[in-house]
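Participant: With the hints as your guide, set chain D onto chain U.
Sequence order for the protein chains is U and D.
The opening residue of the first sequence carries number 59 in our numbering; numbering runs sequentially from there.
The opening residue of the second sequence carries number 18 in our numbering; numbering runs sequentially from there.
A portion of the hints provided could be inaccurate.
List time: in silico BS3-like cross-link candidates among lysine-lysine, alpha-carbon distance up to 25 Å [to be verified]:
{"no.": "1", "chain 1": "U", "residue 1": "LYS100", "chain 2": "U", "residue 2": "LYS117"}
{"no.": "2", "chain 1": "U", "residue 1": "LYS127", "chain 2": "U", "residue 2": "LYS115"}
{"no.": "3", "chain 1": "U", "residue 1": "LYS127", "chain 2": "U", "residue 2": "LYS116"}
{"no.": "4", "chain 1": "U", "residue 1": "LYS100", "chain 2": "D", "residue 2": "LYS28"}
{"no.": "5", "chain 1": "D", "residue 1": "LYS88", "chain 2": "D", "residue 2": "LYS74"}
{"no.": "6", "chain 1": "U", "residue 1": "LYS100", "chain 2": "D", "residue 2": "LYS74"}
No lab work stands behind these hints: they were computed from the structure.
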Amino acid sequence: ILNVEQSPQSLHVQEGDSTNFTCSFPSSNFYALHWYRWETAKSPEALFVMTLNGDEKKKGRISATLNTKEGYSYLYIKGSQPEDSATYLCVLSGDKLIFGTGTRLQVFP
Amino acid sequence: DTGVSQNPRHKITKRGQNVTFRCDPISEHNRLYWYRQTLGQGPEFLTYFQNEAQLEKSRLLSDRFSAERPKGSFSTLEIQRTEQGDSAMYLCASSLVQGHNEQFFGPGTRLTVL
Numbered sequence: 059i060l061n062v063e064q065s066p067q068s069l070h071v072q073e074g075d076s077t078n079f080t081c082s083f084p085s086s087n088f089y090a091l092h093w094y095r096w097e098t099a100k101s102p103e104a105l106f107v108m109t110l111n112g113d114e115k116k117k118g119r120i121s122a123t124l125n126t127k128e129g130y131s132y133l134y135i136k137g138s139q140p141e142d143s144a145t146y147l148c149v150l151s152g153d154k155l156i157f158g159t160g161t162r163l164q165v166f167p
Numbered sequence: 018d019t020g021v022s023q024n025p026r027h028k029i030t031k032r033g034q035n036v037t038f039r040c041d042p043i044s045e046h047n048r049l050y051w052y053r054q055t056l057g058q059g060p061e062f063l064t065y066f067q068n069e070a071q072l073e074k075s076r077l078l079s080d081r082f083s084a085e086r087p088k089g090s091f092s093t094l095e096i097q098r099t100e101q102g103d104s105a106m107y108l109c110a111s112s113l114v115q116g117h118n119e120q121f122f123g124p125g126t127r128l129t130v131l
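Pulled out of the complex, with its shape left as it was, chain U reads as follows (with noise of 0.2 Å):
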């Protein structure tokens, strides 16, 4: 069974704080990872999308370090907003999608 696991399940933050959170995903069998942000009743935003190992991709505060050999991303998020508070998904894309549960984060002021 493929799983794309994401950790924690959810995070609360003081503004201000850097923070990070993991995809765990089975290394076989793999062609892109997305990381997605979803804030409540908007539709939800693409971030990065990353196919290789080693990649570093970075949007502002915001950025996601890719290992496809052990499994893993990061995404990081230095010096959290109160608007970065949203669910970050995880989707791997390879012989179909799997998708994660997402990390919802809140971010307080």
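Facilitator: Chain D in isolation, oriented as in the chain U frame:
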């Protein structure tokens, strides 16, 4: 408008009624996805299609939910015997199986079950 469209945008129904939502994906996209987001909860993946084939269905989807994509273009999501817990935003997305498979999302259908 060449984006993903969903109809209706809002639906209010009484408990026990059946409802059906429609999603029209971007025309050349062969994958179509359904998600649900309830108040106070994170988003949940429900199911997805590649062309007309339903490839995966979440275990969260009860037997009252059914989705179809009969001609590999638009899709419908039907909820039978609605319950108050079904109240949520139902989002549709589409993508191309080639390339990076980035999903493009529709505006959603907000369902309220009274």
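Participant: Give a verdict on every hint.
Facilitator: So, going through the hints one by one against the coordinates:
Between LYS100(U) and LYS117(U) the alpha-carbon distance is near 19 Å, which keeps this suggested pair within the 25 Å criterion. For the hint pairing LYS127(U) with LYS115(U), the CA-to-CA distance comes to about 18 Å; that is within 25 Å, so the pair holds. A distance of roughly 21 Å separates the Cα atoms of LYS127(U) and LYS116(U); the hinted pair therefore holds under the 25 Å criterion. With a CA separation close to 17 Å, the supplied pair LYS100(U) and LYS28(D) stays within the 25 Å bound.
Under the criterion of a C-alpha separation no larger than 25 Å, the hint pairing LYS88(D) with LYS74(D) is consistent with the structure, at around 19 Å. Distance restraint check for LYS100(U) and LYS74(D): the Cα-Cα separation of roughly 23 Å lies within the 25 Å cut-off, and the hinted pair is therefore satisfied.
Violated hints are absent here; each numbered hint is respected by the structure.
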